[in-house]
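Participant: What follows is each chain in one-letter form.
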Amino acid sequence: MSVIAPKFRLGYFLKGIFDNAFWILTIVTLAGIPLIQIVLFYMDLPVIDGELLTAFLAFTWLFNPTMQIPLIKSLLYSDLFRIAAFPGFGFAALIAAATIFVERKMLAKLQLRVGPFYCGKIEGLLQLAGDGLKLISKEIIIPAKADKPLFWAAPVLFVGTAAAFVALIPVAPGGWVVADLDVGLLAVFAVIGFFPIITILSAWSANSKFPFIGGIRALHQMVSFEIPLILSLLGVVILTGTLNLSEIVESQSNFPWIIFMPIGAIVFFTAMLAELERIPFDLPEAESEIVAGWLTEFSGMMYGLVQLGSYLKLYAFAALFVIIFLGGWTGPMFWPPLDTELIMEGTPIPNFKGDPVLTVHAPGLPLFDKDPNEWVLQEQGELQYTSGQLLINGVIWFVLKTVAVIFFILLPRGVFPRIRIDMLLHIGWYKLIGLAFVNIFIALGLVYAGVLGPGGIM
Amino acid sequence: MVEEHKATLTYTQLLKEDLGIFRLVPEDGVIPDYKAGQFLTIGMPVKSEGGKVVRRAYSIASHPENKKFFEFVIRWVRKPFPGRLTTELFNAESVSGVDFPDEKEIGVTYHLGSYTDPAYSKQVLALATRAPREETPNPGNDSTKLPSLRDMFYSVEFHEREVFEMLGVYFEGHPDNRRLLLPEDWADLPPLRKDFKNKGR
Amino acid sequence: MGTATGIIKALNSGVKHLAVKRFTLRYPEQKLKFVGDGYQFDPTTGVGIAGLKGRHMLFHDHCTGCQLCSIACEGVAEAIAMVKVPDSWGQNKKAIMPQIDYGKCVFCGLCVDACPFYALYMSNDYELSSFTKEGLIYTPAQLQVKPQVQQDSELIIDKRGARHG
Amino acid sequence: MAEVIPTKEMPPGLQVENVDDRIMTLNVGPQHPGSGHMRIIVKIDGDYIVDADPDPGYVHRGEEKMAEARNYITNIPHLERPVIHDSCNILYPYVLGVEDLVGIEVPERAKYVRVIAAELNRCIYIQYWLAIYGIFLGHSTMFMWPAGDRELFIDLMEKISGARVTHAYFVPGGVRNDVPANFEDVCLRQVNYFEKRIKEYGDIFYDNPILKARTEDTGVLSREDAIRLGTTGSVLRASGVDYDVRVKEPYDVYDELDVHTNVLKAGDSYARSKVPWLDMLESCNIIRQALEKMPKSGSIRTKLKPNPKGGLDEVYRRVESGRGAAGCYIVSKEKPEPYRLKLSVGSFRNLIALPYLLKGEKLGNMPAVYWSLNYWPVEADR
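Residue numbers (my numbering), protein chains in the order written: chain Z, 1 to 458; chain D, 1001 to 1201; chain S, 2001 to 2165; chain Y, 3001 to 3382.
Derived from the structure by calculation, the hints contain no laboratory data.
There may be inaccurate statements among the hints.
[Unchecked claim] List time: in silico PhoX-like cross-link candidates among lysine-lysine, alpha-carbon distance up to 25 Å:
hint: 1; chain 1: Y; residue 1: K3199; chain 2: D; residue 2: K1035
hint: 2; chain 1: Y; residue 1: K3159; chain 2: S; residue 2: K2033
hint: 3; chain 1: Y; residue 1: K3065; chain 2: D; residue 2: K1145
hint: 4; chain 1: Z; residue 1: K109; chain 2: S; residue 2: K2146
hint: 5; chain 1: Z; residue 1: K148; chain 2: Z; residue 2: K209
hint: 6; chain 1: Y; residue 1: K3043; chain 2: Z; residue 2: K145
hint: 7; chain 1: D; residue 1: K1194; chain 2: D; residue 2: K1006
hint: 8; chain 1: S; residue 1: K2031; chain 2: Z; residue 2: K105
hint: 9; chain 1: Y; residue 1: K3043; chain 2: D; residue 2: K1197
hint: 10; chain 1: D; residue 1: K1197; chain 2: Y; residue 2: K3159
hint: 11; chain 1: S; residue 1: K2021; chain 2: Z; residue 2: K105
hint: 12; chain 1: Z; residue 1: K134; chain 2: Z; residue 2: K7
hint: 13; chain 1: D; residue 1: K1194; chain 2: Y; residue 2: K3333
hint: 14; chain 1: Z; residue 1: K105; chain 2: S; residue 2: K2159
hint: 15; chain 1: S; residue 1: K2009; chain 2: Z; residue 2: K105
hint: 16; chain 1: Y; residue 1: K3212; chain 2: S; residue 2: K2009
hint: 17; chain 1: Z; residue 1: K209; chain 2: Y; residue 2: K3043
hint: 18; chain 1: S; residue 1: K2021; chain 2: Y; residue 2: K3159
hint: 19; chain 1: Y; residue 1: K3199; chain 2: S; residue 2: K2146
hint: 20; chain 1: Y; residue 1: K3212; chain 2: Y; residue 2: K3199
hint: 21; chain 1: S; residue 1: K2104; chain 2: Y; residue 2: K3159
hint: 22; chain 1: S; residue 1: K2133; chain 2: Z; residue 2: K431
hint: 23; chain 1: D; residue 1: K1194; chain 2: Y; residue 2: K3309
hint: 24; chain 1: S; residue 1: K2104; chain 2: Z; residue 2: K109
hint: 25; chain 1: Y; residue 1: K3212; chain 2: S; residue 2: K2016
hint: 26; chain 1: Y; residue 1: K3199; chain 2: D; residue 2: K1104
[As the list claims (entries may be wrong)] Pair ranges (Cβ atoms, derived):
hint: 27; chain 1: S; residue 1: T2003; chain 2: D; residue 2: K1122; range: 57 to 63 Å
hint: 28; chain 1: Z; residue 1: F8; chain 2: Y; residue 2: R3022; range: 56 to 62 Å
hint: 29; chain 1: Y; residue 1: E3184; chain 2: S; residue 2: H2062; range: 46 to 52 Å
hint: 30; chain 1: Z; residue 1: V156; chain 2: Y; residue 2: D3053; range: 37 to 43 Å
hint: 31; chain 1: D; residue 1: A1119; chain 2: Y; residue 2: H3260; range: 48 to 54 Å
Just so it is clear, the structure is predicted and the values come from calculations on it, not from any experiment.
Virtual Cβ for every residue (Gly too), placed ideally from N, Cα, C.
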């Protein structure tokens, strides 16, 4: 029995549509068009085929079928794309969204229920989008006497820090990382060190008791678990002799480090759960004790931002685990890469006399086969060449491994209850640090025995 | 129903180290007729507590036709608290107040059960007493008062608080005579009195 | 090592349930099947007949307007009011019949127990929601209509767990 | 001369507290996800609770006063409201008491049906309680499983009584209607399936080392204190007191059934949460026995006068409900309505142990201790 709600009136409905249209037009004209102009006329633009890209050229090439692919390629290789889309924020956010979906459905399956079911027709695919819309449309309430600037800044800072963490993660061979630092691992720890500060600031600024207790708990937890987190990775650093994450991955082309350092992996995984505030270590958000911990006073999209940040963090930690212990993108190729010469120079086909009359180019992947800035790099003497197959193969392995790790991060939520703060600190300071030292001794033993590491047999 | 008389101790005999026979003769007033469930509350001023009169209820052991004295056979129960009625034997199942506006009294019934004694665990012991009732109650400050049993049975604490707010019976000696279920700003009659009318029904 | 085995046992139990059938009843598509035609009462023996206590059914040709159902309801929910009906019946000289407000009714069924003339029964229909409070008041004419109910889902228990099917 | 600090005049009714810097007062409830419909005023020093004061009454609805205006039959739907998911058991002492007052006998078959319905209701209650215990400890699976498996018993109760939660099924003189045909088979099948599920609860929750580490040795209530505080039900039995009204003072046909009392010695939160779990197994046993011994046919209800009156009398009857002994004290004055009706319920009696146990505990233990007391706020308020 579906009846239109009695309050419905066509006039209000139309007025709503006109209102929306008016505001969208206003914002587009006042902000959108200037933004496009700034991007087109004032930003550094790439060089394509020896010609500097200008707005005019970009618009022209947009409708020129032969120049579309180089144009898109130049976009793919620009820094903006890396930060916003592929190895950076967009990719991570996509995996985070998938994580939320998988978490809901998997937990529902474990608990003999169906989970999100109706939104998006198929198994609640669009539920997350619905939740996002709901959060955006909700009112943001700020407690009286809160420290407003800090309170506003906290969620943004949280997402920003999580995104900075994501920027350090390499996902594919050939420098597919936003920031390829030589001290990548140190940078990771530096970024992780920001989270407790943001947490305690937001908890303090809310001027409320439950966030305060939650913030103090989060501080305890994060600070005490950072030490085993760092110590557990020292073994790998000793063996590889580098802090660069890409090089750590490349050192595992034969075998992942988890084979030699299972203890380190377990310590890192446990400390990771605590850093992520996942069950069984979700004390800062323990709902039955302290409402929602340091998230109690957040509402609307502020809460949404914190959630987005924490799932980005989850992806980044899972990726870090993959990079350090599971060998990152290394894995058997799905199809063998073609020789560089085959793609670039082609195979000359001779006629019966033996004179080459025809050159056949092997089909590469059109977007990924060649760097458009090749000639610039050639002149600078640092040409990088990434085969499209290698890239796609690497990304697939990386995502598969990350998803597997994420599954194991999600699983405890259905199986374990929350633990208590004193048990948590006991685990952190007594057990995990001890185990981390055991792991370091194993690594040192391997080095001094000459089995692995710099100068080792392998 | 409750009368207070002075009485003299006329005879004691120690049967065992913790069991004795005591006889009391009331100085004024007569010994009432026998009724089932009759008991006597004996109060004595205790010097160590500043002359406060401590009351305890005892069953009468004398023959129903004996009109000369009350006889008691009293056993000193040492465990767990010396000198008190043992709580190992009894714990409060419920304390319910009943309003009797016609008799100008408010009855309070303690239902006591026992957890440990196999003989008593099959039944519930009802202790009933009554307090005077006033037409315009002022809970806590009028004559509707009873001695609290909280010292004897720790478990009656919340029950007595409930009776206090629901019927206005103040329990002397109760450490925490606050409201329990009703709102703090309740200013009407105690709701379980008969003259408190439900709105509607 | 008790800790490790406990953790592994718990994880195993959790993962095992990923393969168990889901228990949820998907309500608008599936509806539970109930016993019988609803709760009825036999005043001669004084014993009811099992069934769901849903929306009432009023048989106009049995109702005498004796108000016993209304009196029974007074102490419970005051949901039953006696109203005039336009057509007159031989057994109902005053032409009054119960009108039930489902905003107040608690579905205890004491009115059915009170009726000595087999006039008031309860049916299997439980979908009574309405946008307005007035829509919850069912007049004698509405109560006369036998509800159309399609309820076919039952609890199934097999090797892969219990489910509604 | 000490300077007299001028004090601001406070509005009447406002209290000024001496604020200690170390002590923080938390209002846990009534809108707190870990309180239920009550407030616990908790004072914490760091992570330790120094004082806890329960403040119930948010769902007080005056059932006892309302009962004085209604007759013995129309009271039935009202008196089951305090614990709607244990409605048969909360109604049981009232029905027994009215039967004593009016002086009627219950047919043999009705007694068995009552026992079955009461045990089914006990399972429904304990599963609901267990679900909330699970979510209080952050174990969301333990919330969903019992809440789902509860459907098995709700389905059975609905087949018997026609309502899913508020059954209004017991009446003085028996029960309102006979069980449907082939009920025995369905009941046995679902009870057997549920016994298998109970083992799964053990794997994921009760044998979980994290749960044990969390709840063992917290909120320990010794045997002496359990007796002294007058606790009842699972709280008492977890402290090592062998007491169950079903065994000690059998009502209806419990004396013909083999009822085993589950007693644990530890008296901590873990033991208090484990006793109800064992009770569910025991309930399944009792249901099976009762189904076997139940007369296959016969009268189910003794006919009562339309408006029964009690004599000038009073009666106190008690039963073992999901939360412990539930008693009903009825004072009758030759009227169709009770003169005074008092419900003595397990939740209210266990509430007294809450401040006693919480003092000195950590804040993180508060939900575990609080809910292990088998406390149902609505029932305590009545």
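Participant: Please work out if K209 (chain Z) and K3043 (chain Y) have their alpha carbons no farther apart than 25 Å.
Facilitator: Satisfied, since the Cα-Cα distance of roughly 12 Å is no more than 25 Å.
Participant: Would you say the C-beta atoms of A1119 (chain D) and H3260 (chain Y) sit inside 48 to 54 Å of each other?
Facilitator: Because 22 Å falls outside the window, the suggested range is violated.
Participant: Under the criterion that the straight-line Cα-Cα distance not exceed 25 Å, is the pair K2021 (chain S), K3159 (chain Y) satisfied?
Facilitator: Holds - the C-alpha atoms of K3159 (chain Y) and K2021 (chain S) are around 24 Å apart, at most 25 Å.
Participant: Take a quick look at whether K2133 (chain S) and K431 (chain Z) sit within 25 Å of each other, Cα to Cα.
Facilitator: violated (63 Å)
Participant: Would the pair K109 (chain Z) and K2146 (chain S) pass a check requiring their Cα atoms to be no farther apart than 25 Å?
Facilitator: violated (40 Å)
Participant: Keeping to a limit of 25 Å between CA atoms, is the pair of K3159 (chain Y) and K2033 (chain S) held or broken?
Facilitator: With Cα atoms ~10 Å apart, K3159 (chain Y) and K2033 (chain S) stay inside 25 Å; holds.
Participant: Quick one, are K3043 (chain Y) and K1197 (chain D) close enough, alpha carbons at most 25 Å?
Facilitator: Roughly 39 Å between the alpha carbons, so the hint for K3043 (chain Y) and K1197 (chain D) is violated.
Participant: Please test the hint of 37 to 43 Å on the beta carbon pair from V156 (chain Z) and D3053 (chain Y).
Facilitator: holds (41 Å)
Participant: Taking the Cβ atom of T2003 (chain S) and the Cβ atom of K1122 (chain D), is their distance within the range 57 to 63 Å?
Facilitator: Violated: the Cβ-Cβ distance is about 45 Å, outside 57 to 63 Å.
Participant: Given the proposed pairing of K1197 (chain D) with K3159 (chain Y), does the C-alpha separation stay at or below 25 Å?
Facilitator: With a Cα-Cα distance of about 40 Å, the restraint between K1197 (chain D) and K3159 (chain Y) is violated, given a limit of 25 Å.
Participant: So if I understand the rule, the pair passes when the alpha-carbon distance is 25 Å or less; does K3043 (chain Y) with K145 (chain Z) pass?
Facilitator: Given that 25 Å is the threshold and the Cα spacing comes to 23 Å, the pair holds.
Participant: Are the Cα atoms of K148 (chain Z) and K209 (chain Z) separated by 25 Å or less?
Facilitator: holds (17 Å)
In terms of the numbered hints stated before, the structure departs from hints 1, 4, 7, 9, 10, 19, 22, 24, 26, 27, 29, 31, listed from lowest to highest.
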